[in-house]
Amino acid sequence: MTIRTVLLVDDEPDIRRIGELSLRGVGRLEVLLASSGAEAVELAARAQPDVILLDVMMPGMDGPSTLAALRARPETAQIPVVFVTAKVQRREVDHYRALGAAGVVAKPFDPMTLAADVRRIVEGRTP
Amino acid sequence: MKEAPQPPDEAARLAALRRANLLDTGEELAFDDLALLASQICGTPIALVSLVDRDRQWFKSRIGLSVTETPREYAFCAHAILERGGFEVHDALSDQRFVDNPLVVGDPHVRFYAAEAIYSGEGYALGTLCVIDRVPRHLTPDQRRSLAALARHVTTLIRQREVTEDLREANARLARATELVTESEARFRSAFESTAVGMAILALDGRYLRVNPALCEMLGYSEREMETMSVLDVTHPDEAEQARQFLRELPTVPGKLLTFERRSVRKNGEVVWSMVSTCCARDAAGNPLHFISHIQDVTARKRAEAERERSQRTQERLAAALEETSDLVAIVDPQTRIQFINRAGRKLLGLCDRELPPTLDMASFRPPWALARLQREAVPALLATGRWAGEAAFLSPDRGEVHVLQVSMTHMDAEGKPEFYSIIAHDISERRAVERMKDEFVSTVSHELRTPLTSIRGAIGLLEGGVVGALPEQALEITRIARTNCERLVRLINDVLDLEKMGAGKLVLHKREIRPAELVEAALEGMHALAEAAGVSLVASIGVHAFVNVDVDRFVQVLTNLVANAIKFSPRGALVSIDVEARPTGAIRFTVVDRGPGIPAQALPGLFRPFHQVDVSDARRSGGTGLGLAISKGIVEEHGGTVGVESEVGVGSRFWLQIAPAAPSASDVRTSAGRREVLLVADGDRGAPSLAAAKANKRIHLTRLPLDQLDLGKLDHAGPSLIVADLGVRAAGVMEWVERVAAMPRGDSAPLVLLVGVVGDGFPAAFVRSRAGGSDAPTRAAGRGCEGKVVLVVEDDPLMRIVLRKQLESIPVKVIEAADGDAAVRLACRERPDLIVLDVSLPGADGFEVIGALRAAGLDIPVIVHTASDLTEADRARLALGATRYLSKSNTSEPGLLHDVRELLDLLPLDGDA
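Just so you know, the protein sequences line up as chains P and Z, in that order.
Mapping of the first sequence onto my numbering: position 13 corresponds to residue 13, and the numbering continues sequentially without gaps.
Mapping of the second sequence onto my numbering: position 313 corresponds to residue 440, and the numbering continues sequentially without gaps.
FYI, nobody ran anything at the bench for these hints, they're computed from the structure.
No residue lacks a Cβ here, since even glycine has one placed at the ideal position from N, Cα and C.
Each hint should be verified, as a subset may be incorrect.
Stated by the list, open to error - Quick partial rundown of chain Z residues pointing at chain P, CB under 8 Å, derived from the structure:
#1 G170
#2 S573
#3 V617
#4 V635
#5 H637
#6 K638
#7 E640
Let's have the full structure, built from the sequences with the hints guiding it.
Structure, rendered in structure tokens:
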């Protein structure tokens, strides 16, 4: 599977912008943006991104709730989700994986490798 | 006929008559004589001593009459006893009272009657002395006086009889009393001698007259000694005055019994407490004779009392303390009914301070989860070990569910059955709330701090990466400063959070058994870039075979921290070594040794404290957070280990940590006789310099093997854990061998391979072939974005070319090779590779010339300059082509190279883009 489109979900506008620049400018990906979990679910259902980059700590629907909502809808159930979080201890990573995330990208992320990290996680997942 | 009226004192008179004991008694001459005299003096045929009973008159003596009694209603005497001073009926037939009296009209045909009353000692008229005739007549005055005298005589007789009777009775009583006294005396004597109670008879001045054996034993004197002593001699000095007072007072109050407690002094000086009862014996006239004393030894009781008092005081104090403590303290019976609960407990449970109903059930004050937990955990523990401590909760009417830390104990009865349970519960709800708040705060802070940092780090990264256009050199330097400081701030936040976790004991360890060598390897893997940048060499020496049971991530963090510190403080060209050895105690010690400036002795003690660095400027210079050692210490201590440091200024420092080895397990099969198996693959007597120490270490079992004899296919689980291949000799088959090493499967069971001597630039270690694989080495799975990319490797050393090719193919990319500069330029122009990995010193055209030629050809390809020599800024500028990275061959690790390759390839535009 080759990733072309990514949906970046974060409540922080600056992080959305930086992420967009990184994913588009460095990673050459088509980038969709959502500022909340609810918006992300709607957008993902409509636009069918190849992968969703999901912030964990968001007001309202947080990352895990959003993931659950995505999994609950048939049209978004199969889209790989990568969490973006400051909590990257093994315990948390195992927890997120157990929830159904493809993997975790640490915050702060390196904008020069973000796209590559995501590709590695998603594409490496299904050998 | 007229019946006589009853005398006014009839009842008392009859009682006196009975007491006189005359009725129905036999004949008595004394009475009969007096009756005879009366009949003769008065010249009557009949004379009687008659006693007037309730219903009859009975004759004690009778002259001239055969009947012994007649009914009282006919009796003349019943009339006569009413008169004092004589009674006379001259002619019954002419007297209306008696005219029809059967005794007058019938036998004995009384016509004349004269009588004088006879009396008891008390003066009651009991009857008469009377004379009777069958013809009427008168007594002469002399006869009358004689009859009265005779009657007085009868009265005297009766009185004498009474006295005699009294005397006889008194004699009988006396005899009985004597008998009793004798018996009592015997009993007393026996009791006196044999009783356990001390007894004494004392003279009025206090001298002992008689003492019993019990008293002698009590006081420690013999009976003989005692009899020469006074009670005052054995009385405790403090009580002597009181004793004297008793001796004075007791005789003055008749019948008084004194009971008091007294201290006596034994012959040996010991003090004896006794309970004394004393009375004064008196003679019949009430004069005091002597004292009789009972003395009971109550020393044991006194001691028990004192003990009880003391223990009661202690108990009272304890009870007061329990009552006042802020923890809940309660005692419940096995049915959990509350037997006692202190003030804090009553307050918590909303109970009034008055007496509680005895059936109040503690269980009714527990939330269901706490009750279930107590049933599940506390009850079995209390029955098995008598003690339980853990978290529980109470339901408070004011505060709802209150969390407590509870300690419970079982208190057994004499038969060993649980009698009651004590509960001490400390309210931790506040602490809980504070902890929750702190957790939330820390979580929030970490999120709030990292969110802007993510933006900053991202923005700087994009600038520095040239995404928005290439930056001039100075701008690049500034963005680099911004980026590194941003990263440092992130590390600082992470470290502070780590330290917070450790302080709160919230660090969760995910332990597994692992070889120390693997930990060292993992730590060194991440350090090569840093070492390279600092121009420092890393050497590891593993001298143990045991496994350790650790949280690998955390432990590697510690080792990394120590190695990073060592690198930071080492001068260029210095060596940093990490040694693992077993201590004599069996503990596994990891030591990181540097040749840095050393640490002054006075700075050593505080070194592991947070934010402690030898020099404040150190932190900034070294880019550290000042928390690394504190965190390392915390982690090691969480593992039950210790950390330490030895240092000498100008020589260097040794930081060490040690932990217990894991219990031996079946997985520990690669050891032979407690030594680590190391296979040294080399020709001749060549040995790797880095193995010099290892060879000296008795714990390493070193096997030498010529290169051509090594069969890699036979390496399995039982094989050596470390293969050191000295490839300094360019022997035939070496390249093939390296290819095979590179192709070996990765995984836990594969050996660690150390290739030495690949580059002859003076640095020993060149390349570690890691056994790590799969998800643990993210760099290896480098994005599929690299797929199909072409990398040109320019390297004159054929061995190095193989190594590089194998590494790069694992990404995977297509590798083309050039052995010299000319071939490189030719291939680059023809194949247009996506990346060039370039050695600088090449036969023919060198690296500089190659870059020059490619520039001239208008190629803008990313380059990784791979060289053993130090490059100046000018060199670097001359070597720059597209995006360019510089790597030192020494200490180049596989991940370091691959990281750069991947990064540079990722920067490339996708096909058809731009």
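Status of each hint after checking the structure:
The interface hint given for Z:G170 is violated, since its Cβ lies 153 Å from the closest Cβ of chain P, which is over the 8 Å cut-off. For Z:S573, the interface hint holds, since its Cβ comes within 8 Å of a Cβ in chain P; the closest pair sits about 6 Å apart. Because the smallest distance between the Cβ of Z:V617 and any Cβ of chain P comes to about 6 Å, under 8 Å, the interface hint for this residue holds. Hint on Z:V635 holds. Least Cβ distance to chain P is approximately 6 Å, under the 8 Å limit.
Residue-level restraint check for Z:H637 holds (minimum Cβ-Cβ distance to chain P is 6 Å; threshold 8 Å). The beta carbon of Z:K638 is not positioned within 8 Å of any beta carbon in chain P (closest approach about 12 Å), and the interface hint is therefore violated. The restraint placing Z:E640 at the interface with chain P is violated, with a minimum CB-CB distance near 17 Å, outside the 8 Å limit.
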